[in-house]
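Novice: What follows is each chain in one-letter form.
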Amino acid sequence: MLNDITFGQFFPCSSPIHKMDARVKLILTVAFIALIFVSQNFAALLCTAVGLFIYVMLTNVPVRMYIKSLKPLIIIVGITSILNLLYVKSGQELFAFDIFGWNLSVTLGGVTTAIYMTLRVCLLVIAGSVLTYTTSATELTDAIERVLSPLNLIKIDVHSFAMMMTIALRFIPTLIEETDKIMSAQKARGADLESGGIKSRLKALIPILIPLLVSSFRRALELADAMECRCYHGGEGRTRVKQMKLAFRDYFAIVCFVVLIGAVVISNIYLEGIIYALITVII
Amino acid sequence: MALLEAQKLEYIYSQKTPFVKQAVKGVDFCVEKGEIVGIIGHTGSGKSTLVQMLNGLLKPTSGSVTLNGEDIFANKKSLHDARFKIGLVFQYPEYQLFDETVYKDISFGPSNMGLEKDEIDRRVISASKLVGLPPHLLNKSPFDLSGGEKRRAAIAGVVAMEPEILILDEPTAGLDPKGRQRILDMIVELNKTTNTSVVIVSHNMEDIAKLCNKVLVLKGGEAVAFDTPEKIFAETDIVEQSGLILPALTKMLISLKNKGLPVNIANFSVNDAVKELIRLKKEGYKLDA
Ligand SMILES: Nc1ncnc2c1ncn2[C@@H]1O[C@H](COP(=O)(O)OP(=O)(O)O)[C@@H](O)[C@H]1O
Ligand SMILES: [Mg+2]
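Read top to bottom, the protein sequences are chains A and B.
The first sequence begins at 5 in my numbering and counts up by one.
The second sequence begins at 50 in my numbering and counts up by one.
Any given hint could be a false lead.
[Claimed, not checked] DSS-like mimics (lysine-lysine), calculated; alpha carbons at most 27 Å apart, straight line:
#	chain 1	residue 1	chain 2	residue 2
1	A	191	B	324
2	B	70	A	207
3	B	306	B	280
4	A	191	B	280
5	A	207	B	306
6	A	23	B	70
7	B	178	B	166
Just so you know, the hints here were simulated from the structure itself, not pulled from any lab data.
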């Protein structure tokens with residue numbers, strides 16, 4: 005039941021994207037998200053979508069996994085789309101109707117805003133999913149630590165934060181597994197987790213949360229001991245087994261991304277209004 | 050008709066992902082009233098998965114589990130009843146203790162069954178007596194007990210539900226020899242006094258041999274044998290191919306038998322084995338290697 009958490013889960017398989025340097029992937033993903041928001045018209049968004057599509061196809065992760073990561077968004081995107089459709093008033097009025105005495109109308113501006121918004125959110129989530137599906141948690145935190153390492157200059161202990169994050173990420177599956185086990189064990193003793201009102205449901209959580217808390221503390225203490233036994237004392241002077249080095253594919257990805265930026269900029273400047281015009285003509 | 054019967058059970062974890070794993074493959078097996086049945090197998094052979102299907106916690110990918118001839122997965126009610134009639138003690142059950150006092154924790158199961166207060170009280174007292182928890186511990190916090198005591202308190206929590214079948218998943222794992230013996234003695238006593246059927250999962254052949262009427266050997270999710278311990282131990286190959294180690298005593302008796310002596314290998318305690326050897330000696334066989 006708890007196995008359905010997909011967003012933020014590493015999907016191990018072999019692909020050029022899996023092999024890419026995690027720092028490059030991280031920076032490109034952040035830059036890509038920025039690019040989604042500076043894409044001003046359909047042509048520009050189409051460019052980013054095509055770019056992302058090629059990127060997704062290269063990951064060898066089944067498309068169904070990406071669709072799964074979009075599922076939790078359906079409700080939010082649906083509601084905001086409806087609100088956008090009804091409340092954004094600009095451009096040509098497409099049609100109007102009355103419900104319960106309310107005068108509602110949908111305009112071209114509302115339609116485009118809703119579509120923009122939906123597209124942007126989907127692109128954003130998929131871009132994030134590519135990063136987490138193709139990068140293991142350790143690689144990712146390692147990359148974050150390196151990318152943020154300039155912050156050391158202003159006395160922020162990046163290493164400690166990265167270590168905390170690594171540990172937290174590392175223990176998510178363990179905690180899920182543990183929760184599953186404790187839930188099963190209490191169910192075997194007749195605990196009813198699925199019925200009753202809010203109050204009885206909250207009460208039913210106690211037999212699960214308490215053992216979980218107790219074992220998390222035990223685990224944390226054991227881990228701290230184990231780390232100290234191996235002479236861990238923070239990031240100072242620590243060296244790495246795995247050195248990150250940029251390879252040809254990383255430079256190639258950067259070049260591709262720059263080309264994509266170019267395409268978006270050109271679309272933004274020169275293709276403004278073309279698709280608008282097309283739509284208006286069709287209508 | 051057997052009390053509990055499993056037919057062609059299969060279980061596949063994480064279907065449709067790259068982590069897909071078939072943990073149980075076509076296992077048939079049954080438990081009669083009053084029997085003690087052992088399940089042995091190497092780590093990862095699917096023992097825990099199998100027992101979770103037996104009391105309805107995991108729904109088999111295919112196959113059926115019947116209790117008194119009724120499918121436990123037939124509907125919500127039968128599944129609910131099965132949980133109480135088939136008590137399951139998980140591996141390392143001490144991690145599921147949660148309540149303020151040991152008494153309250155043991156009464157969690159019985160009170161979920163909707164019993165009267167007096168009945169709950171009676172069950173908690175008798176279960177804690179059976180597992181050997183002294184009464185003064187009942188008012189302590191479960192987190193203040195020793196490891197062995199925690200284990201016994203957790204087992205009492207399931208025993209107090211007075212199931213028709215008690216399933217224990219590696220109940221002696223991680224305990225010292227004395228703690229182990231106590232748990233095993235408790236299982237025998239429960240079986241004798243209440244005629245409760247017991248299924249005990251273990252990878253310790255010695256425990257299984259002494260206790261069980263029948264043994265199911267699992268290997269890679271498949272049942273490779275289901276028979277009396279004597280017959281299974283006589284087939285040394287089956288046991289060793291399943292990655293298990295025969296008890297030293299049984300090994301010795303088997304090697305004597307291979308030398309042509311008329312020895313009965315079904316003597317699983319040291320006392321019995323010594324008696325058997327003395328008998329052979331009296332009959333005039335030479336025992337030195
Ligand atoms: N929750 C789970 N998700 C995926 N695979 C699992 C899960 N639990 C067990 N497995 C796998 O199923 C197989 C059988 O496990 P298990 O039933 O726990 O064996 P045993 O109790 O005999 O050690 C193992 O290979 C294990 O890795
Ligand atoms: Mg197990």
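Novice: Now, for every hint given, state plainly whether the structure supports it.
Specialist: Do the hints match the structure? See the list:
At roughly 47 Å between alpha-carbon atoms, residue 191/A and residue 324/B are farther apart than 27 Å, so this suggested pair is violated. A C-alpha spacing of about 35 Å is found between residue 70/B and residue 207/A, which places the hinted pair above 27 Å, so the restraint is violated. Between residue 306/B and residue 280/B the alpha-carbon distance is near 14 Å, which keeps this suggested pair within the 27 Å criterion. The straight-line distance between the Cα atoms of residue 191/A and residue 280/B is roughly 37 Å, outside the 27 Å bound, and the hint therefore fails.
With a CA separation close to 61 Å, the supplied pair residue 207/A and residue 306/B exceeds the 27 Å bound. For the hint pairing residue 23/A with residue 70/B, the CA-to-CA distance comes to about 26 Å; that is within 27 Å, so the pair holds. Between the alpha carbons of residue 178/B and residue 166/B the distance comes to roughly 18 Å, so the proposed pair stays at or under 27 Å and holds.
The earlier numbered hints that this structure contradicts are 1, 2, 4 and 5.
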